[in-house]
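Using the sequences provided together with the hints, build the complete structure.
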Amino acid sequence: MFFYNSCDVLLKIALHALRLSHCGNKMRFFRMNNMRHHVLRAKELRNNMTPAERKLWSVLRARQCGGMRFRRQYPFGPYILDFACLEKRLAIELDGSQHGETIRYDDERTQRLNRHGWRVLRFWNHEVMLQPDAVFAVIMAALMG
1 MFFYNSCDVL LKIALHALRL SHCGNKMRFF RMNNMRHHVL RAKELRNNMT PAERKLWSVL
61 RARQCGGMRF RRQYPFGPYI LDFACLEKRL AIELDGSQHG ETIRYDDERT QRLNRHGWRV
121 LRFWNHEVML QPDAVFAVIM AALMG
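First residue of the sequence shown? That's 1 in our numbering, and the numbers climb one at a time after it.
Some hints could be false.
The calculated label-pair distances, taken between Cβ atoms and stated as ranges, are [stated by the list, open to error]:
| no. | residue 1 | residue 2 | range |
| --- | --- | --- | --- |
| 1 | Leu130 | Met68 | 21 to 29 Å |
| 2 | Asn47 | Arg115 | 25 to 33 Å |
| 3 | Leu86 | Met49 | 18 to 26 Å |
| 4 | Arg63 | Val138 | 32 to 40 Å |
| 5 | Ala137 | Leu40 | 15 to 23 Å |
| 6 | Gly66 | Arg122 | 27 to 35 Å |
| 7 | Arg115 | Arg54 | 27 to 35 Å |
| 8 | Gln131 | Leu40 | 30 to 38 Å |
| 9 | Leu130 | Leu40 | 15 to 23 Å |
| 10 | Met49 | Pro78 | 19 to 27 Å |
| 11 | Arg104 | Asp133 | 30 to 38 Å |
| 12 | Gly67 | Thr102 | 27 to 35 Å |
These aren't lab readings, by the way, just hints derived from the structure by calculation.
Just so we're clear, the structure is a prediction, and the values are computed from it rather than from any experiment.
For each residue, glycine too, the CB sits at the ideal point set by N, CA and C.
Encoded structure:
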């Protein structure tokens, strides 16, 4: 006859529980780790804004845009939105020259955000830098309509 001490029993129970929930815990760990990565990446992007993002943020911050609150570099699902108004579910994306190569990805991203109830406005960086009043007018129209 073989006898277990209390440590062996606890270890056996823990290993059995781990085997039963291994897949679920692994997925939970992945989601938490991925979420943590998104939050850190968003923080990094907030600290390293492009000149166009800085210019647009100076207009959007402090409820200057129709009294609506905007957040910058807002993590949403697998994406980080450049600017987001949660009240109106409006996302504003600024595209630089590198986005010309990722048009298909941007379209899929926009469609997915639309399915989740978001409206997406896209502007080129040079539009924000050269025509800030026109960009502001489009944003205000989207907020009001």
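Can you tell me whether the CB distance of Arg115 to Arg54 sits inside 27 to 35 Å? holds (31 Å)
Does the Cβ distance between Leu86 and Met49 fall inside 18 to 26 Å? holds (20 Å)
Cβ-Cβ distance between Arg104 and Asp133: within 30 to 38 Å? holds (31 Å)
Outcome for the supplied range 25 to 33 Å, where the beta carbon pair is Asn47 and Arg115: holds (31 Å)
Verdict for Gly66, Arg122 (Cβ pair) under range 27 to 35 Å: The hint (27 to 35 Å, Cβ to Cβ) is violated, given that Gly66 and Arg122 are roughly 20 Å apart.
Could you check the hint for me, namely that Leu130 and Leu40 are 15 to 23 Å apart, CB to CB? violated (33 Å)
Cβ distance range 30 to 38 Å for Gln131 and Leu40, holds or violated: holds (34 Å)
Quick one: are Arg63 and Val138 within 32 to 40 Å, going by C-beta? violated (18 Å)
Distance restraint evaluation - Met49, Pro78, Cβ atoms, bounds 19 to 27 Å: holds (21 Å)
Mind checking the hinted window 15 to 23 Å against the Cβ distance between Ala137 and Leu40? Hint violated: Cβ distance 35 Å, outside 15 to 23 Å.
Gly67 paired with Thr102, Cβ distance criterion 27 to 35 Å: Since the Cβ atoms of Gly67 and Thr102 sit about 34 Å apart, the hinted range of 27 to 35 Å holds.
Is it true that the C-beta distance of Leu130 to Met68 lies inside 21 to 29 Å, as the hint says? At roughly 24 Å between Cβ atoms, Met68 and Leu130 fall inside 21 to 29 Å, so the hint holds.
The structure fails hints 4, 5, 6 and 9 (numbered hints given earlier, in ascending order).
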